[in-house]
Amino acid sequence: MTATWLIARRELSAYLRTMSGYVIAAVVLFVDGILFNVRAMGSQQDRLSTEVLSEFFFNSSGLTMAAAVFLSMRLLAEERQNGSMVLLASSPVREREIVLGKFFSAFIFLTLMTLAGVFMPMLILVNGKLSFGHVAVGYLGLLLLGSAALAIGTLGSTLARSQLLAAIISGSLVVCLIVVWMVGTVTERPLNDVFFALALWGRHFPPFQAGILNLRDVVYYLAVTYFALFVSIRVLEARRWR
Amino acid sequence: MIEVDKLCKYFGERAAIRDLSFAIAKGEVVGFLGLNGAGKTTTLRILGCLLLPTSGTVRVDGLEVTQNPYEIRGKIGFLPDLPPLYPEMTVGAYLAFAARLRQVPARETAARVTEAEDRTALRDMHGEVIGELSHGYRQRVGLAQAIVHKPALLILDEPSAGLDPAQIVEMRNLLHGLRGEHTVLISSHFLTEISQTCDRLLVIHNGELVGQGSEGELATAMGQGGGSIEVEVRGQPVGLAERMAELPLVSKAHGRFTAENTTVFDIVAGADVRADVARLLVGAGCDLLRLERSESRLESIFMNLTQHPSGGPQ
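If you read the protein sequences in the order shown, they are chains A and B.
Going by my numbering, the first sequence opens with residue 1, and the numbers climb by one from there.
Going by my numbering, the second sequence opens with residue 1, and the numbers climb by one from there.
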């Protein structure tokens, strides 16, 4: 077993052995359920299944980003806070294995948590038809968005000394990447194209929400994930100088 | 095992270590002494490849720390002043994780964990959750993670910090048990522990090495080969202080009568003269009640080196 999977497995068991993972999952699923019942299913007007699904993925995307920030805040900041980082740093383990192991554990937990809510779109079958392709693309979008937000959270956790500070840094970065889309709406071309292209949600998630799979959006989320993890690894390596 | 040459480490403008040079041979148990902020922990963290030096060379088992950090980390066991523990894990699971991180093959992990638990008297705690253990047990778990992969070099930073007197004795016994199998570098504020555990001492002050050698070598170099001896005999023997003062290497002997009908002699000598004094007293027919060093020699050496840093041998 590689060091990455050793670390990922230990981290995953930490999510399952402590309250934090359960609390985050419970809150996200509870709020997602409420929103699904009230906003997606509970509308007075008759709606098409695809509109209900779109509303569900819209709500879930916000919750996924919030969950990613809270799940990732402990990844490296907690290790520094507890002094346990020394175990990893004094072992024959490379910084990239530490960062990837931490990231994969959080991503696996986020995936399990996201898939635990799959019964909600299935409820549409009770009164209507369901496009399984739309469901699959929507969930792919949620996982890609979650992956990008988790990678940003991992970077925040690498930079911070405490979990609270990590959550603040990660949350701020995620919010900045969301509102950059709004900046695009009030600027001229070609600058607004740059802002739209950078936006974490505004341009790249709505197609997934509508069940449309664009390679451009998949590449964007993978690129954000790669870039944030790359910077996290560099930050961790640079720490040996301090 | 360790070769340090002109090591410097700066944090911004502040020099934590300056031109530090020393060598440690395989199998040696070396004590690293210094006041708080002297640069001990920084040096240990560089040796453990947790920090990079600003300049100078550091070799562990022939490998340079800046060139081969991953290979070196596989050869060392590191116990920082705060043990690096995961409170939610059990002792056994934690040690197995530490062993696997240090590239112990999966089929050997259970045996290595059992061995480390046996050596640190943790066998009964195998299934206990670390977060529920006392400070002493946590310190032992920290030591167990450092030895679980049988490293060639053990780096222990304040292994007895925060322990009560009974736990300090236990830790000292654990450290004694490590002799022979590992090269050990121990940093500690407990001079008794260092004195009883180590073959050789490195004394660091303000980031510079101010003395190195065995306790005896340091004492001799500082003119404290013997230090002070206190002797208590029954009654009030006449002329004994003068006879003691005539012994070779004794520079001063002075007696004082006590209310318990005993006489206490304070003897200052340039070497350890306890055997000569004992022979003299037996020959004079005195009832010897007590014969001991009146102060810790290491304490005296340490204070001298850190307050008058030019005095020690290099």
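No wet-lab data here; the hints were simulated from the structure.
Ideal Cβ positions, reconstructed from N, Cα and C, are used throughout, including at glycine.
Misleading hints may appear alongside valid ones.
Per label pair, the in silico range of CB-to-CB distance [stated by the list, open to error]:
(1) A/Ile-108 <-> B/Gln-103: 22 to 28 Å
(2) A/Thr-185 <-> B/Glu-13: 43 to 49 Å
(3) A/Thr-111 <-> B/Pro-105: 27 to 33 Å
(4) A/Thr-187 <-> B/Gly-162: 45 to 51 Å
Here are some chain B residues pointing at chain A (derived, C-beta under 10 Å) [as the list claims (entries may be wrong)]:
(5) Cys-49
(6) Pro-69
(7) Leu-82
(8) Leu-101
(9) Gln-103
(10) Leu-133
(11) Gly-162
(12) Pro-165
(13) Asp-287
(14) Leu-288
Checked hints:
About 24 Å separates the C-beta atoms of A/Ile-108 and B/Gln-103, a value consistent with the hinted range of 22 to 28 Å. Separation of A/Thr-185 from B/Glu-13 is about 48 Å and conforms to the stated range, judged on CB atoms against 43 to 49 Å. Between A/Thr-111 and B/Pro-105 the CB atoms are about 31 Å apart, so this pair conforms to the stated range of 27 to 33 Å. Between A/Thr-187 and B/Gly-162, the C-beta spacing of about 58 Å breaks the proposed range 45 to 51 Å.
Evaluation of the B/Cys-49 hint against chain A yields a held restraint, the C-beta minimum of about 7 Å falling below 10 Å. Evaluation of the B/Pro-69 hint against chain A yields a held restraint, the C-beta minimum of about 8 Å falling below 10 Å. Checking B/Leu-82 against chain A by beta carbon gives a least distance of about 4 Å; that is within 10 Å, so the hint holds. A cut of 10 Å between beta carbons decides the hint on B/Leu-101: the least distance to chain A is about 4 Å, and the hint holds.
Interface hint at B/Gln-103: satisfied, since its Cβ lies 6 Å from the closest Cβ of chain A, which is below the 10 Å cut-off. At a threshold of 10 Å, the smallest CB-CB gap from B/Leu-133 to chain A is about 14 Å, leaving the interface hint violated. Proximity of B/Gly-162 to chain A is violated relative to the hint, the smallest CB-CB distance being about 13 Å (cut-off 10 Å). Because the closest C-beta pair between B/Pro-165 and chain A is about 25 Å apart, greater than 10 Å, the hint is violated.
Below 10 Å, beta-carbon pairs count as interface contacts, and B/Asp-287 has none with chain A, the closest being about 55 Å; its hint is therefore violated. About 51 Å separates the beta-carbon of B/Leu-288 from the nearest beta-carbon of chain A, more than 10 Å, and the hint is not met.
Violated hints for the displayed structure, listed by number in ascending order: 4, 10, 11, 12, 13, 14.
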